[in-house]
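K.L.:
Sequence:
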Amino acid sequence: MFTVVRQMPRLLAVVTALCTLAAACSPAPTPSASSLPSPPASASPAPAVADTIRVALPVCDCGPFGPLDNATSPVGDDYVRAGAINNFLHDALYRWDAHVRPTPSLASSCEPSGDGLIITCKLIQAVFSNGRPITAGDVAFTYRLMSVHTPIDLPLAGRPCVTDVGLGCLSDLLDSTEVVDPLTVAFHLKRPNAQFMALALPGVWIDSEAVVRAAFQDARSKLALLGAKALQAGADRVSKELGTDQPNCLGLLPDASQLVARTGLFLPDRAEYNTLTGSAFDACGYANTLGGELTMAAASLGAKDLTAIALVYPALMLGRAPVGTGAYKVTAFKPNERLELTAVDSYHGGPPETRHYVFLFYPDETRAAKAVADGSADWVELQSSGPFPGLADQARIRTGRAPNPAYLSMTYNVRRGQIFSDLRLRRAMELCIDKPAIAAAATGGNYIVSYGEVPPGFWMYDDALPKPGRDVGAAKREIESSGWQLGSDGVYQKAGQRLTAAIYARIDDTERVKFAQILAIQVKACGIDIHVVQGDFGGRLRSLVIWPNITPDTKKPFDLNLFTWVSSWDILSPRFQSDHASGPRQPDGENSGGFSDPRIDTLARQLETEYDVSRRADLFRRYQELIAQEQPVLFAYFRVRLVAVASGLAASDGPLDVNQPFWYARPDRLLLRTAAGA
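Residue 1 is where the sequence shown starts when you use our numbering, and the numbers rise one by one after that.
Derived from the structure by calculation, the hints contain no laboratory data. As the structure is a computational prediction, the values presented were derived from the model and not from experiment. It is possible that part of the hints are untrue.
What the hints assert, rightly or not - Between beta-carbon pairs, the in silico distance windows are: (1) Asp374 / Glu337: 15 to 21 Å; (2) Ile118 / Pro182: 14 to 20 Å; (3) Asp434 / Ala464: 19 to 25 Å; (4) Ser614 / Pro655: 20 to 26 Å; (5) Arg191 / Arg132: 33 to 39 Å; (6) Gly483 / Thr510: 34 to 40 Å; (7) Leu250 / Ser109: 52 to 58 Å; (8) Glu337 / Ala474: 56 to 62 Å; (9) Ala321 / Ile118: 34 to 40 Å.
Stated by the list, open to error - Here are the computed lysine to aspartate or glutamate pairs in the EDC-like style, where the Cα-Cα straight-line distance is at most 16 Å: (10) Lys524 / Asp489; (11) Lys467 / Asp364; (12) Lys122 / Glu111; (13) Lys524 / Asp471; (14) Lys190 / Glu178; (15) Lys514 / Glu625; (16) Lys190 / Asp175; (17) Lys122 / Asp175; (18) Lys524 / Asp434.
Built from N, CA and C at the ideal position, the CB exists for glycine as well.
Please build the complete structure, drawing on both the sequences and the hints.
P.N.:
In structure tokens:
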């Protein structure tokens, strides 16, 4: 069985992780900031604009580079690095701005019908990077292809469709796509859903139908010569060996790679799989990819038209030589070393400010950070805080913290009879901790404190949410107002019950465990006895999120569960909606704490069907304020990307704020001011 783990994007070394990312890859431990070199001394001549911007990309353990197309979409992608670079090569009907607000791009406008079931988009005059015009036919082809349900889960990363833009498969929502005229397309939805405009329209790159079909036909002719039986036999050999306790992955590679090379599909360079610790070769990961391609190829031969294309789309050659609608095109690629992009002069947004981008690959975050520190690169995003202070201290470097839609939080089980079904106790927990101090100690600085589920900088963020500081006296008053009395051991008691509970946390996440441990120490001052239980989420902790949501040790319903929640870029999660509560009919419901509030359910339904961004922003603010009042979870902190750029990096269309979630949303507007002659 071939498996690929889907992660959120990291957005230039996230992901999401986007950014996940959880969404982000976990780099190897990094040395202290003192190991970073001091910047070279330089004079201060008149400023000039660089011809090239160099981006440092650390290699991580999150997989290979990936295809540069819709198989690695901006949300819900496997491949962190390709997903980030796609923003330079492709465009969609809408694009996200720096605050992840959807705005028109290849479409001049997209308007919903009165009943919300039809979205009609008017296209602008624009061309692909090969000079061919973009038509409504290309848009319809792309959406139909991305909506195809394939007959096998594998090897499409466990999903029955090519791409996932945070909505599941598009066919779950999109009924049909209609070409109205050469520059008008209409999307017929199965039900009104505002997230189609918020996530699908900016998240699906527009492909050239002619280019995709030509790439497919080239591969199809070679696949037909081999035959489905031979292809599946090759896949089965790989699958059988990978299923053993100690697979001989290196032994699989000669035959499997030769067979893939004969298919006309993309044969990845082995260097792309130097992703293990110390840049070691991941032979089993490479074998898994080859086996997956052979499985796709065999299935494609037995399928028709769009289904046949969808099955092999992630492995078509266009994944390395994309013909996109973006501001840049690929001009050179040396796996795991460098990727070079050149501006597309015919780009619909106007000539890009910077002629070239070069993405430089580094074996780890420390060396990527050093490249920016010594001037070998102009831009890096990090997950580890280890090398970051050394960058933040340098005058020639500007730093920031760009938030991801992924946050650590402690879920309360609020079902009747559970200790934290009492809102006053939940308020007391919030008041009894110094959240910023705990987050700083747990993460080493790689955080933004969270008081709700929308990160700062997102277009729907509510900056008026309460941000209570630590107040032990107020916390105790909340507890005592609920009838608890302080016992001789310093712990509150009520009707013979001590105010005690367990926090469950993943043993493999040291930041999470540390947050729980410090929280437990701080709440002792408020008469609350908390102890931390660690475990493996894939094993003993899995029972916490599956009905009846019992703990692995007591076999009773949990009280507190600390875990990371990853949202899409349209922050509307089901975890606070009553119809998503776990129970006998949906044991894996995402609302594992059993929280229910009809006001929040009503707002969630309105958010699903309100297309106007301004009105949605108001609904989101009301939604966040109700969550803050009812406190179904204790929000801890958001994951961030630690950004370091050359101080001369700027935007031609306004101030550049590297603390915004999608600060490089317009790479065509970025420019690098340098010393003359540099």
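K.L.:
All hints are to be evaluated individually against the structure, with a verdict given for each.
P.N.:
Verification of the supplied hints:
At about 18 Å, the CB distance of Asp374 to Glu337 agrees with the hint of 15 to 21 Å. Checked against the hint of 14 to 20 Å, the pair Ile118 and Pro182 passes, with Cβ atoms roughly 19 Å apart. Under the hint 19 to 25 Å, the C-beta atoms of Asp434 and Ala464, about 22 Å apart, fit the expected range. The hinted range of 20 to 26 Å is satisfied by Ser614 and Pro655, whose Cβ atoms lie roughly 23 Å apart.
With their beta carbons about 35 Å apart, Arg191 and Arg132 fall inside the hinted range of 33 to 39 Å. Between Gly483 and Thr510 the Cβ separation comes to about 38 Å, which falls inside the hinted range of 34 to 40 Å. Taking 52 to 58 Å as the suggested C-beta distance range, the pair Leu250 and Ser109 conforms, at roughly 55 Å. In this structure the supplied range 56 to 62 Å holds for Glu337 paired with Ala474, their Cβ-Cβ distance being about 57 Å.
Separation of Ala321 from Ile118 is about 36 Å and conforms to the stated range, judged on CB atoms against 34 to 40 Å. For the proposed pair Lys524 and Asp489, the alpha carbon gap of about 11 Å is at most 16 Å, so the pair holds. A threshold of 16 Å between alpha carbons decides the hint, and for Lys467 with Asp364 the separation of about 36 Å lies outside it, so the pair is violated. Distance hint between Lys122 and Glu111 is fulfilled; the C-alpha atoms sit about 9 Å from each other, no more than 16 Å.
Between Lys524 and Asp471 the CA atoms are separated by roughly 13 Å; this keeps the pair inside 16 Å, and the hint holds. Our distance criterion of 16 Å between C-alpha atoms is met by Lys190 and Glu178, whose separation comes to about 14 Å. Distance check on the hinted pair: Lys514 and Glu625 sit about 29 Å apart at the alpha-carbon level, beyond 16 Å; violated. A distance of roughly 5 Å separates the Cα atoms of Lys190 and Asp175; the hinted pair therefore holds under the 16 Å criterion.
Between Lys122 and Asp175 the CA atoms are separated by roughly 19 Å; this puts the pair beyond 16 Å, and the hint is violated. Restraint check for Lys524 and Asp434: the C-alpha separation of about 13 Å stays at or below 16 Å, so the hint holds.
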